[in-house]
Amino acid sequence: MEFSRAAVMRAVGDGLLSFPITDFDTDGRFDADSYRRRLEWFVSYDISAVFVAGGTGEFFNLSLDEYRDVVRVAVETVGGKLPVIASAGLSVASGKAFAEAADDAGADGILLMPPYLTECPQQGLVEYARQICDATPLNVIYYNRGNGVLGADAVQRLADACPNLIGLKDGKGDIQLLNKIVKTVGDRLVYVGGVPTAEIFAEAYLSIGVNTYSSAVFNFVPDMAVKFYRELRSGNADVVKRITNEFFIPFVDLRDRKAGYAVSLIKAGAEIIGRPAGNVRAPLVMPTLEERNQLEKLIGLAQQP
Numbered sequence: 048m049e050f051s052r053a054a055v056m057r058a059v060g061d062g063l064l065s066f067p068i069t070d071f072d073t074d075g076r077f078d079a080d081s082y083r084r085r086l087e088w089f090v091s092y093d094i095s096a097v098f099v100a101g102g103t104g105e106f107f108n109l110s111l112d113e114y115r116d117v118v119r120v121a122v123e124t125v126g127g128k129l130p131v132i133a134s135a136g137l138s139v140a141s142g143k144a145f146a147e148a149a150d151d152a153g154a155d156g157i158l159l160m161p162p163y164l165t166e167c168p169q170q171g172l173v174e175y176a177r178q179i180c181d182a183t184p185l186n187v188i189y190y191n192r193g194n195g196v197l198g199a200d201a202v203q204r205l206a207d208a209c210p211n212l213i214g215l216k217d218g219k220g221d222i223q224l225l226n227k228i229v230k231t232v233g234d235r236l237v238y239v240g241g242v243p244t245a246e247i248f249a250e251a252y253l254s255i256g257v258n259t260y261s262s263a264v265f266n267f268v269p270d271m272a273v274k275f276y277r278e279l280r281s282g283n284a285d286v287v288k289r290i291t292n293e294f295f296i297p298f299v300d301l302r303d304r305k306a307g308y309a310v311s312l313i314k315a316g317a318e319i320i321g322r323p324a325g326n327v328r329a330p331l332v333m334p335t336l337e338e339r340n341q342l343e344k345l346i347g348l349a350q351q352p
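Numbering (the numbering used here), first residue to last: 48 to 352.
Accuracy of the hints is not assured; some may be wrong.
To be verified - When the alpha-carbon atoms are kept at most 27 Å apart in a straight line, the in silico DSSO-like pairs for lysine-lysine are as follows:
1. Lys143 with Lys230
2. Lys230 with Lys219
3. Lys143 with Lys219
Unchecked claim - Simulated restraints, written as ranges between beta carbons of each label pair:
4. Asp285 with Asn211: 36 to 44 Å
5. Ala79 with Lys143: 19 to 27 Å
6. Ser51 with Thr165: 35 to 43 Å
Just so you know, these hints were derived from the structure itself, not from any lab. Where is the CB? At the ideal position from N, CA and C, for every residue including glycine.
Kindly generate the complete structure, drawing on both the sequences and the hints.
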């Protein structure tokens, strides 16, 4: 770890968070050189942390060995400029293994993904997260999403039990629930907006004190992503409304055409701007030519001064 717990909390709690796609070559293997160039490009922008092998980075499609390589390359490339957060999860045993690999590679924390598949009671989810937290010295951010959604009381119990739990990322978009968590747990944790295309929720997040979010579109329109965040935090409602209407609403409409497009469109966008990362892995699929053309038009609009 390069950063203290307090420094990671500051970085994650206030600033634009980047979630790079994972580069694959034409044979579908991890492409370390291409990934390294992507991260060098990322950290040239005004971002506060880099989340690698996350949802946008296809964590769910990586083997443990590939994951080790992804995190190692990321830590080496970022070089202590910003905190590097990797993912972990699936089961208690695999979560511990991914967390150990992230620690060995020098990551500053893990984003704890929901357990695999099964429906879970609140008590069981707290225990799942607690056991992984207890097994790692790394900072942990819990991803409240899918079958792993914790209520306010459960988040409080987990925070009380795990000193290294530093944050909660919202992947559900239930503002009432998130507001209850924020008001119940308070500044013991930092809070991150994390629904797909989180910018569409950015104003609602900010209204309850969630100052930052994960930006997937940063992968292909970084200047616009940084501008949107800056204008949002400055209270420039007119610019936020214009960008939302011109880009984010049409993008969300395109994203919602097919399950998994929250990742697939990001890889298509990266290819359109000349920074390809290969195709997504099954079970995801790439957009059609017609959908890619629509995305290219949106990118053109976003790149206008």
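Hints versus structure:
1. Lys143 with Lys230: Not OK: Lys143 and Lys230 at ~30 Å, beyond 27 Å, violated.
2. Lys230 with Lys219: With Cα atoms ~17 Å apart, Lys230 and Lys219 stay inside 27 Å; holds.
3. Lys143 with Lys219: 24 Å, holds
4. Asp285 with Asn211: 36 to 44 Å: 42 Å, holds
5. Ala79 with Lys143: 19 to 27 Å: For Ala79 and Lys143 the Cβ distance comes to about 25 Å; the hint holds.
6. Ser51 with Thr165: 35 to 43 Å: 36 Å, holds
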